Amino acid sequence: MIELKDVSKIYRTGSQSLEALRRISLLIGRGEFVSVMGPSGSGKSTLMNIVGCLDTPTAGDYVLDGEMVAGLTFDELAAVRNRKIGFVFQNFNLLPYASAWENVELPMLFDGKNARRRRERVAELLNAVGLYDWREHRPTELSGGQQQRVALARALANDPPILLADEPTGNLDSKSGEEIMAILGELWKGGRTIVMVTHDDRIALHSERVIRLFDGQVVA
Amino acid sequence: MNLTLPRFFWSEYRKRRKRAALITFALFWGTLSILLLMAFGQGMSTQARVAFQGLGETLIMVNGGQTSLPFEGLPKGRTIRLYPEDVDYLRERIPEILRIVPESDNFWQVSANGKEINRTVHGTTAGFAVMRTQVPQLGGRFLNAEDDRKGRKVAFIGWKVAADLFGTNGAVGRTIVINRVPFTVVGVLQKKIQDSMYNGPDAEHIYLPFLAFRQIDNQRYLDRIHIQPREASQSPLIEDRVKTLLGRKRRFDPADRYATSFWNTIEDFKQGQAIFKGIEVFLGIMGALTLLIGAVGVTNLMYAAAKERTKEIGIKLALGARRRTIVGQFLLETLFVFAKGTFWGLLLAFDIVHLVRLAPINYDSFGIEAYLLRPDFSLRTFLVYMAVLGTLCFLSGIFPALRASRANPIESLRHE
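In order, the protein sequences belong to chains A and B.
Sequential numbering of the first sequence, starting at 0, is according to numbering that gives the first Met the number 0.
Sequential numbering of the second sequence, starting at 0, is according to numbering that gives the first Met the number 0.
These are calculated hints, taken from the structure and not from any lab test.
There may be inaccurate statements among the hints.
Chain A is faced by these chain B residues, among others (derived, beta-carbon under 10 Å) [unchecked claim]:
| id | residue |
| --- | --- |
| 1 | T174 |
| 2 | R213 |
| 3 | D267 |
| 4 | K269 |
| 5 | I274 |
| 6 | K276 |
| 7 | A303 |
| 8 | K306 |
| 9 | G313 |
| 10 | L316 |
| 11 | T324 |
| 12 | I397 |
| 13 | F398 |
| 14 | L401 |
| 15 | R402 |
| 16 | I409 |
Straight-line alpha carbon distances no greater than 25 Å define the calculated SDA-like cross-link-like pairs of lysine to any residue that follow [claimed, not checked]:
| id | chain 1 | residue 1 | chain 2 | residue 2 |
| --- | --- | --- | --- | --- |
| 17 | B | K14 | A | D132 |
| 18 | B | K14 | A | F73 |
| 19 | B | K242 | B | K14 |
| 20 | A | K112 | A | N170 |
| 21 | A | K112 | B | K242 |
| 22 | A | K4 | A | N170 |
| 23 | B | K276 | B | S260 |
| 24 | B | K310 | A | N170 |
| 25 | B | K17 | B | I292 |
| 26 | B | K248 | B | R92 |
| 27 | B | K310 | A | A219 |
| 28 | A | K112 | B | R80 |
| 29 | B | K17 | A | L141 |
Not everything, but these chain B residues come out facing chain A in the computed CB check (under 10 Å) [what the hints assert, rightly or not]:
| id | residue |
| --- | --- |
| 30 | L137 |
| 31 | R140 |
| 32 | A144 |
| 33 | I314 |
| 34 | R322 |
No experiment lies behind these values; they were computed from the predicted model shown.
Note that the Cβ used here is the ideal one computed from N, Cα and C, for glycine as well.
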């Protein structure tokens with residue numbers, strides 16, 4: 000499903016260069032639940048950005064669902080992000096002006112889905128995360144846990160096979176964190192591939208496998 | 000682009016419209032100021048032309064004079080006069096003449112309705128009406144060919160003469176006595192603005208058929224001859240021919256500048272037009288510069304809006320928005336703001352122009368208000384304005400939009 004071969008990422012600023020990832024190779028199979036752990040600066044976010052097609056490797060190959068990502072254009076990468084990957088961010092990243100309904104609807108709008116399909120899918124997802132009654136509320140009117148549930152519903156809008164969660168419980172209290180992990184667990188059981196960055200060993204216990212990074216390399 | 004996206008962008012724009020209020024106001028104010036500037040400029044230009052037409056737009060007035068050069072043994076200092084027969088003499092010999100009429104005048108006592116006034120009275124023929132913009136008020140007429148031929152005792156009077164003698168009661172059909180001879184009023188001059196004149200404005204004058212005038216006047220010669228050329232461009236040629244022909248007839252040097260004098264309104268009009276054109280060009284440049292400043296302002300505000308929305312753009316890119324979607328949203332928002340600002344600016348400008356035009360002009364004391372109170376809101380000006388502003392708005396929207404669409408999604412997401 001996700002295959003990285005000798006992937007390196009080097010950031011250059013003037014004469015300085017920083018090697019964030021060093022010849023990383025890893026394979027994540029369909030339906031796996033993987034946690035990525037490591038100290039700050041170990042390359043977790045860079046790895047997630049590359050896996051999430053938000054960034055491209057400096058060297059090496061990335062094959063996603065059988066498709067070579069390296070050669071894709073900006074808009075082709077956008078299409079991959081839209082249909083194949085759902086993002087859940089630590090700080091939710093919801094549009095502040097839009098209602099919960101509109102936030103969930105957005106990826107489907109970008110995909111050009113018709114109004115009826117969007118309506119049905121948004122209602123289904125907001126019901127699934129228990130926020131249908133809050134559909135007209137803006138993010139500022141929702142609690143952290145509710146916001147993250149909206150973000151989860153949004154990530155699932157186009158029914159992507161892969162879910163990338165970057166510290167999904169990092170900004171939540173423990174109860175809300177558990178609720179989110181319970182939803183992720185159910186999604187995994189439903190056959191979705193989940194890659195999650197976390198600092199928290201207890202949260203990582205929800206996953207099948209842990210990939211540990213240190214100084215841009217996989218150490219375990 | 001899917002039609003649902005613009006609807007979503009519209010909903011986003013509505014939620015953010017308070018933030019766009021500054022740009023909307025800038026466009027509203029710019030539209031209002033520039034359209035008013037153009038309307039008043041156009042109005043002044045139009046009124047200046049109308050005022051000029053008050054005398055006559057394509058007119059050569061020929062007057063007699065005094066020779067300043069000796070000619071064929073005759074001394075200088077001889078008085079040269081024009082006579083009624085000169086009209087036919089010139090008409091027959093200068094084919095470029097479209098109309099030619101004689102004019103004589105005298106200052107007489109005029110009485111009617113128990114009132115007595117002193118006014119300049121002219122004797123002329125029917126063609127004078129067209130040449131000197133003598134438009135009668137409703138229910139009346141100017142002198143006609145029959146009046147000329149039969150020497151009818153009829154009169155066409157200026158509106159001030161009518162007011163002085165008859166007040167607000169109708170003057171047409173009433174009798175006025177000029178130099179002890181009764182005349183029937185057949186028409187009253189419609190109010191007009193007139194910036195060029197001789198012996199005062201037409202509003203205060205009385206016009207009689209030439210034959211009737213001569214029956215009560217002792218003067219045998221004419222005060223002036225009015226000539227209208229077939230083509231305005233032929234006026235210098237006609238002047239030369241008139242000098243040559245009259246010089247031959249009255250024996251003076253055609254090169255003698257003082258033997259006859261000419262008032263050529265065609266040349267005056269050309270100079271006037273150059274001034275009007277200059278005013279229009281100046282206002283156009285002012286408008287264009289104002290628009291340019293406005294466009295720079297809008298661009299700045301759009302850039303600021305794009306920067307403020309960096310994170311939002313990052314989120315949309317992460318969720319799969321394509322570049323054209325981001326560009327499309329920014330351009331649509333520019334269009335919304337543009338449409339709203341210009342609509343209200345246009346509406347208010349239109350209302351102001353309409354209201355100002357309702358203000359009455361004092362035709363009795365022709366002043367600056369005659370130029371200022373008739374702003375002219377032409378469709379052409381509006382279309383040019385919309386085309387220029389639309390282009391500037393598109394340019395001021397496209398660059399921030401392109402910059403926003405080229406944002407790095409990761410850096411945009413990190414933006415706070």
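For each hint, the structure was consulted:
| no. | hint | in the structure |
| --- | --- | --- |
| 1 | T174 | 82 Å, violated |
| 2 | R213 | 88 Å, violated |
| 3 | D267 | 64 Å, violated |
| 4 | K269 | 61 Å, violated |
| 5 | I274 | 54 Å, violated |
| 6 | K276 | 51 Å, violated |
| 7 | A303 | 17 Å, violated |
| 8 | K306 | 16 Å, violated |
| 9 | G313 | 8 Å, holds |
| 10 | L316 | 7 Å, holds |
| 11 | T324 | 6 Å, holds |
| 12 | I397 | 18 Å, violated |
| 13 | F398 | 18 Å, violated |
| 14 | L401 | 13 Å, violated |
| 15 | R402 | 14 Å, violated |
| 16 | I409 | 5 Å, holds |
| 17 | K14(B) - D132(A) | 21 Å, holds |
| 18 | K14(B) - F73(A) | 29 Å, violated |
| 19 | K242(B) - K14(B) | 78 Å, violated |
| 20 | K112(A) - N170(A) | 32 Å, violated |
| 21 | K112(A) - K242(B) | 87 Å, violated |
| 22 | K4(A) - N170(A) | 33 Å, violated |
| 23 | K276(B) - S260(B) | 29 Å, violated |
| 24 | K310(B) - N170(A) | 18 Å, holds |
| 25 | K17(B) - I292(B) | 23 Å, holds |
| 26 | K248(B) - R92(B) | 12 Å, holds |
| 27 | K310(B) - A219(A) | 34 Å, violated |
| 28 | K112(A) - R80(B) | 93 Å, violated |
| 29 | K17(B) - L141(A) | 23 Å, holds |
| 30 | L137 | 63 Å, violated |
| 31 | R140 | 71 Å, violated |
| 32 | A144 | 78 Å, violated |
| 33 | I314 | 5 Å, holds |
| 34 | R322 | 6 Å, holds |
Of the numbered hints listed earlier, those contradicted by the structure are 1, 2, 3, 4, 5, 6, 7, 8, 12, 13, 14, 15, 18, 19, 20, 21, 22, 23, 27, 28, 30, 31 and 32.
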